[in-house]
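Visitor: Chain residues, written in single-letter form:
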Amino acid sequence: MGFSWKRVRNITGEAVMLLICCIFLLPFYYLVVNTFKNQQEASSAPMALPETISLDNYVKAFDSMNFFRSFGNSLLITAISVAVIVLFGAMAAYPVARRKHKVYKGILLYFLLGYMVPAQTIMIPLYLTLQKMHLLNSIWGLVVIYSSWCNFALFLYQGFFGSVPEELEESAKIDGCGPWKSFWLITFPLLRPVTATIVIFEVMWIWNDFLYPYLFLSSNKSFTLVMQVYKGVGQFSNDWGMMMATMVIVLIPVLVFYLFMQKNIVAGITSGSVKG
Amino acid sequence: MRFRWKKEVPYLLFLVPAFIVYTVLIMWPLVQAFGLSFTDWKGYTMEGLNFVGLKNYIKIFGDKEMVYAIKNTIVYAIFNPLFVTVLAVPLAVILNSKMKTKNFQRAAFFFPSVPSALILGYLWSYIMSPLDYGVLNRLVTAMGLEPVLWLAHPKVALFSVILVSVWNVLGWHACIYIAQLQGIPEDLFEAARIDGATTLQMFFRITLPLLRPAMATSVMLLLINALKIFDLPFALTGGGPGYSTTMLSQVIIQRGFVDKMYGRSMAAAILFCIFVVAVTVVQRKAAKED
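So the sequence lines, in the order shown, correspond to chains A and F.
If you read the first sequence in numbering that gives the first Met the number 0, its first letter stands for residue 0, the second for the next number, and so on.
If you read the second sequence in numbering that gives the first Met the number 0, its first letter stands for residue 0, the second for the next number, and so on.
Rather than coming from a laboratory, the hints here were simulated on the basis of the structure.
Even for Gly, the Cβ is constructed at its ideal location relative to N, Cα and C.
In silico SDA-like pairs for lysine to any residue, Cα to Cα no more than 20 Å straight-line:
{"#": "1", "chain 1": "F", "residue 1": "Lys-5", "chain 2": "A", "residue 2": "Tyr-103"}
{"#": "2", "chain 1": "A", "residue 1": "Lys-99", "chain 2": "F", "residue 2": "Phe-18"}
{"#": "3", "chain 1": "F", "residue 1": "Lys-6", "chain 2": "A", "residue 2": "Tyr-103"}
{"#": "4", "chain 1": "F", "residue 1": "Lys-99", "chain 2": "A", "residue 2": "Ser-3"}
{"#": "5", "chain 1": "A", "residue 1": "Lys-262", "chain 2": "F", "residue 2": "Lys-97"}
{"#": "6", "chain 1": "A", "residue 1": "Lys-262", "chain 2": "F", "residue 2": "Phe-110"}
{"#": "7", "chain 1": "A", "residue 1": "Lys-180", "chain 2": "F", "residue 2": "Leu-12"}
{"#": "8", "chain 1": "F", "residue 1": "Lys-5", "chain 2": "A", "residue 2": "Trp-179"}
{"#": "9", "chain 1": "F", "residue 1": "Lys-6", "chain 2": "A", "residue 2": "Arg-97"}
{"#": "10", "chain 1": "A", "residue 1": "Lys-220", "chain 2": "A", "residue 2": "Ser-63"}
{"#": "11", "chain 1": "A", "residue 1": "Lys-172", "chain 2": "F", "residue 2": "Pro-9"}
{"#": "12", "chain 1": "F", "residue 1": "Lys-287", "chain 2": "A", "residue 2": "Leu-108"}
{"#": "13", "chain 1": "F", "residue 1": "Lys-259", "chain 2": "A", "residue 2": "Tyr-211"}
{"#": "14", "chain 1": "A", "residue 1": "Lys-5", "chain 2": "F", "residue 2": "Thr-198"}
{"#": "15", "chain 1": "A", "residue 1": "Lys-230", "chain 2": "A", "residue 2": "Val-58"}
{"#": "16", "chain 1": "A", "residue 1": "Lys-101", "chain 2": "F", "residue 2": "Phe-18"}
{"#": "17", "chain 1": "A", "residue 1": "Lys-180", "chain 2": "F", "residue 2": "Val-15"}
{"#": "18", "chain 1": "F", "residue 1": "Lys-259", "chain 2": "A", "residue 2": "Thr-128"}
{"#": "19", "chain 1": "A", "residue 1": "Lys-131", "chain 2": "F", "residue 2": "Trp-27"}
{"#": "20", "chain 1": "A", "residue 1": "Lys-230", "chain 2": "A", "residue 2": "Val-247"}
{"#": "21", "chain 1": "A", "residue 1": "Lys-99", "chain 2": "F", "residue 2": "Glu-7"}
{"#": "22", "chain 1": "F", "residue 1": "Lys-227", "chain 2": "A", "residue 2": "Val-116"}
{"#": "23", "chain 1": "A", "residue 1": "Lys-5", "chain 2": "F", "residue 2": "Lys-101"}
Partial selection, computed: residues in chain A whose CB lies under 10 Å from chain F:
{"#": "24", "residue": "Phe-23"}
{"#": "25", "residue": "Arg-98"}
{"#": "26", "residue": "Ile-121"}
{"#": "27", "residue": "Ile-264"}
All chains, please: the whole structure from these sequences, using the hints.
Guide: In structure tokens form, the structure reads like this:
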């Protein structure tokens, strides 16, 4: 290939885009690079690379945030909620998608009705409900609340059922297999692509959620990782080197998740109907 | 069609768990919020509850902070979707072209959508700080301009929130457009090129019209999420200075959980819900007619 203006233009274009990418990610560079500096160095040269790598901020952040407890809380809340959402959502989608009677259309409509209700509208009554169940300030209270997000799963599953062949279920029925058994053994495994999408997005939403933990969790031992950042800013707002270290620590699990799941996240968005 | 219970019961059982959690945790609280928004409920107990009609609803419009919050939320819900859309469409077109580092670039632009908005808000509060480590002002002064009070000036702060929010979700929405772009057959562009169309003409005459379904989805998500916005301004500005970046969600929480004005908080929450639903329905209708 010889010299051509078109090629020069393409290469320049790509270089410009890469530069824009770097600017786009600059806030994260700023965040990470300042965690290794002391207050004075960060003030005088915030964008420079650290002169010496000091891990003091990380040690302080780690000591103050009860990391393992909070990580465990976030993990438990997310894992159990998502499992419940997937099971309840898939189960509910099955009759709605497969049975022809119009009763099921009405039921689907009923589920659609609440889909648009913002969390902010129902938070005070939810507070009362949790209080009655003695689940305030408990990670189980959050699990209970998040389980109601199963209607999102229901819609996604319901839309996908059309592309799962019914013949297998019918032949299972002829062999004397009841709907319960046939659903779990035959249908549910075939739903795997949507299950993956649902799991990934619900994990991101629940793991990152701040509103409900902020309203319903009040003590350090029940805090999620996101809540630790909120608490940290309230307590140590002046020690921002340490605050930034806290944020980096909290971001690491998310980053790992993103690196592994990036392809699926993009596939999930491109398959449509996933809210942002 | 007759409903044959005996035959349908095994299937209805599949619906029970989802039906219970959904009813108890979404629909019943909605009914409760609606009912209590017409009362002088003081919390704790349901005894001594008085029906006060529309009093709570009327008081919303005399509540200075709520009126500010409504205004801010509307401004935010106009400009966030607008800026994101204007930037995401060209970005998607570029990221869909043949580049060696295409995948890296997509990953880079998408990354700010991944962490919690709360953390991103705090991060930007450092970047936009008027103190020494506020790098944005260092950049501004390096260019020979006056430093800007990004978060402390009442007229600028809302703009700063919008700026950060655009950075936050741009990659996600570019992704929605990329998905649609991949479905446009290459022949269309080939044919146009043979007919002598310029790149710009092809963008406006072919790409943009074909992106309309993606735009309907993206704009609807942007609008709804903009109306519900809470974490980002909460972390970035805390709603200040004054009430200049207070959003509706924040003020509903403030009135309900802090000031214990439950009736007013829930009246605002119900109006908010009606507004969100109305926007969704209108948007859906408009997208369908397209």
